[in-house]
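> Full structure from sequences and hints, please.
Protein chains in written order, with this note's numbering: chain A, 323 to 683; chain B, 323 to 683.
The hints are simulated quantities; they were obtained by calculation from the structure and are not laboratory data. Computed from a predicted model, the values in this text were never measured in an experiment. Check before you lean on any hint, since a few could be wrong.
Reference listing, derived: stretches of chain B covered by chain A, where coverage requires no fewer than 3 residues with Cβ under 8 Å from a Cβ of chain A [said to hold, decoys possible]:
| no. | stretch |
| --- | --- |
| 1 | 351-365 |
| 2 | 414-424 |
| 3 | 459-470 |
| 4 | 538-547 |
| 5 | 618-625 |
| 6 | 641-655 |
Only part of the chain B face toward chain A is listed, based on derived beta-carbon distances under 8 Å [stated by the list, open to error]:
| no. | residue |
| --- | --- |
| 7 | S324 |
| 8 | R325 |
| 9 | P333 |
| 10 | L336 |
| 11 | P337 |
| 12 | G396 |
| 13 | H411 |
| 14 | E431 |
| 15 | N560 |
Heads up, simulated DSSO-like pairs for lysine-lysine below, C-alpha to C-alpha not over 30 Å straight-line [what the hints assert, rightly or not]:
| no. | chain 1 | residue 1 | chain 2 | residue 2 |
| --- | --- | --- | --- | --- |
| 16 | A | K648 | A | K503 |
| 17 | B | K414 | B | K508 |
| 18 | B | K446 | A | K433 |
| 19 | B | K414 | A | K433 |
| 20 | B | K366 | B | K533 |
| 21 | B | K433 | A | K437 |
| 22 | A | K503 | A | K614 |
| 23 | A | K433 | B | K541 |
| 24 | A | K427 | B | K541 |
| 25 | A | K414 | B | K541 |
| 26 | B | K446 | B | K578 |
| 27 | B | K508 | A | K427 |
| 28 | A | K578 | A | K595 |
| 29 | A | K541 | B | K614 |
Ideal Cβ positions, reconstructed from N, Cα and C, are used throughout, including at glycine.
One letter stands for each residue in the lines below.
There are 2 protein chains.
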Amino acid sequence: MSRVHNFNAGPAALPLPVLERAQREMVEFEGSGMSLLEHSHRGKVYEAVHNQAIALLRELVGIGDEYEILFLQGGASLQFAMLAMNLLHPGKSADYLLTGVWSKKALSEAKLLGKPRVAADTAKDGVYTRVPRQDELSLDPEAAYVHMTTNNTIFGTQWHYDPEVGSVPLLADMSSDFLWKPFDIKRYGMVYAGAQKNIGPSGLAVVVMRKDLIAAGRKDIPVILRYDTHAENQSLYNTPNTFAIYMVRNVLEHVKGMGGLAAVEKTNRAKAKVLYDAIDGDADFWRCPVEKDSRSTMNVVWRLPTEELEERFVKEATKAGFVGLKGHRSAGGIRASIYNAAPEESVAALVEFMAAFRKSC
Amino acid sequence: MSRVHNFNAGPAALPLPVLERAQREMVEFEGSGMSLLEHSHRGKVYEAVHNQAIALLRELVGIGDEYEILFLQGGASLQFAMLAMNLLHPGKSADYLLTGVWSKKALSEAKLLGKPRVAADTAKDGVYTRVPRQDELSLDPEAAYVHMTTNNTIFGTQWHYDPEVGSVPLLADMSSDFLWKPFDIKRYGMVYAGAQKNIGPSGLAVVVMRKDLIAAGRKDIPVILRYDTHAENQSLYNTPNTFAIYMVRNVLEHVKGMGGLAAVEKTNRAKAKVLYDAIDGDADFWRCPVEKDSRSTMNVVWRLPTEELEERFVKEATKAGFVGLKGHRSAGGIRASIYNAAPEESVAALVEFMAAFRKSC
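Dropping the structure here:
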């Protein structure tokens, strides 16, 4: 088999050894005479996997007992609604930092449930080329929480600092850059991430949430949508996505084997540098619309002189074995998603292809 | 590898050829140079799988264009809340037919959202040994809907008739007996099922819903929890559980290859008959607490003369390679879940084991 160079924005590339392990273990899991898919979520075999996934995440990030780790279904999109349902008590306000499409979707769900405020918005004519500076945040000290999206897949921007929000809990959608580097969980009341970009397959959201926030959630909402329901049942209130949790466990083991998040960060920064250097190195032809301080290490977006050239680039790249390079339909241009599992070799091959393409023009 | 006899209540046994196919295709999917897990949910490769799953379900059940087929996350438990959020408009009532734990959970969620009524309840001292007869249903012709659970995993009961509910939409949780036989979708406004019993792995709910009911849903609830959101986006509003949908597609293909739902029903009835005959054939020792008309073809529950004997039975069965026979903690006794994918050979082996155990007592 020859692997293509996968730059998909999510679901995205997974580490090859993790896929090979899933293949080996698909029909029979650990000598149990059945697939993991066939194991009860309340049996010892699955339970061990479930608990290992939680323990590994605690270890890799450094998450203390004051936080709960939850494995929920519905992706980040359900979290947009769930966090507001739980934490935006009637009459209360919450602050939203707008940096792109996903943060706006989170805001929209909150509007149906309470009175959220826009505490920052760096859009110009509907386009985001940077995240806000600290001095641009107009925060309400009485807010129930501050919500942010740490990385913006579509516009290719990323926060490179933790905003100061005082004593208000900071909630972060980290779907597209969760575990790209070490981070200080204590700065956040809650972080959450759809698994399908950096840590596993689709169909799972990982939620890390401070226990006092879980406890303070509304009790008059559906039981299945309350965080305390899932916390009290170790994410086994109802049948979880057992396969996705198994895959996350395996990805986390792989990350640990690579040297943990510090090693992951080093590789990710190196990959991003190679690509941005290639773009900046020929600024007459390639153009990254994102301001330097806000450039994403996960989703690198850039333009070519004309849309015709962009179309040709994507077409020829596809033929040459590069997948997923077309920019999001709302942004246009080119996008290379280089999450944790995108190999350095793929980035090197892309840069080489870019140079050859440039010459051919 | 030697396969155990898997009687798990869910997640449950899957057809071996389906697992073997998943194994073959895990690392590279259809010559695409990547795993299905790494494919974009908006790409052509995944899209084909997604649409095949829908088309196969339409074909196998005979579902017309007046129904939408949705693949949602959160399992049946989220549907308990979602259906009430969408269809129980303020001030309206809905009728719930109580036949066990799951129907009660569905009712509990509705209580937080509107004014549901109990239209039938066959419990005696908290235990269910049968489903209600038609003449026991006290239905409200003004109800927003009637909700039922077609099969009750814990108490081992199953509806063997479609209740008459007049012009009120009938909503059925079919999680544990979906596709066990052909059924007339036109009798239902909505049916839904967690995939992890009869049709796939965990982390997916299949929803079949009449389009007029979808359109009549509330618009003032979170977007992600509205059925029309998912219907308008072919279940791709947010990233779905692509692996589970792929597995469901493969299970449905397997079912089609076996001869469709009529063939599945024949096998299921044969398996259930073998097991109930063994129980009834030695009524001094084994005892099925469920009335004959309400006995489940999917979850067969029975008791032994003492709890000590039950414990010994489970222990010795486990040693002999039978998995999942311990009854649910709230019901006690023995339970064998014999969903579509439980092989006839496993049921034959169990009956043989039961006879040997009986002799040893």
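> If a hint holds in the structure, say so; if it doesn't, say that too.
Hints and how they fare:
no., hint, result
1, 351-365, "holds (count 10)"
2, 414-424, "violated (count 0)"
3, 459-470, "violated (count 0)"
4, 538-547, "holds (count 6)"
5, 618-625, "violated (count 0)"
6, 641-655, "holds (count 3)"
7, S324, "holds (6 Å)"
8, R325, "holds (5 Å)"
9, P333, "holds (6 Å)"
10, L336, "holds (6 Å)"
11, P337, "violated (10 Å)"
12, G396, "holds (5 Å)"
13, H411, "violated (16 Å)"
14, E431, "holds (5 Å)"
15, N560, "holds (4 Å)"
16, A:K648 with A:K503, "holds (26 Å)"
17, B:K414 with B:K508, "holds (24 Å)"
18, B:K446 with A:K433, "violated (46 Å)"
19, B:K414 with A:K433, "holds (25 Å)"
20, B:K366 with B:K533, "holds (26 Å)"
21, B:K433 with A:K437, "holds (25 Å)"
22, A:K503 with A:K614, "holds (19 Å)"
23, A:K433 with B:K541, "holds (13 Å)"
24, A:K427 with B:K541, "holds (16 Å)"
25, A:K414 with B:K541, "holds (22 Å)"
26, B:K446 with B:K578, "violated (41 Å)"
27, B:K508 with A:K427, "violated (36 Å)"
28, A:K578 with A:K595, "holds (23 Å)"
29, A:K541 with B:K614, "violated (41 Å)"
The structure does not agree with the numbered hints 2, 3, 5, 11, 13, 18, 26, 27, 29 stated previously, though it agrees with the rest.
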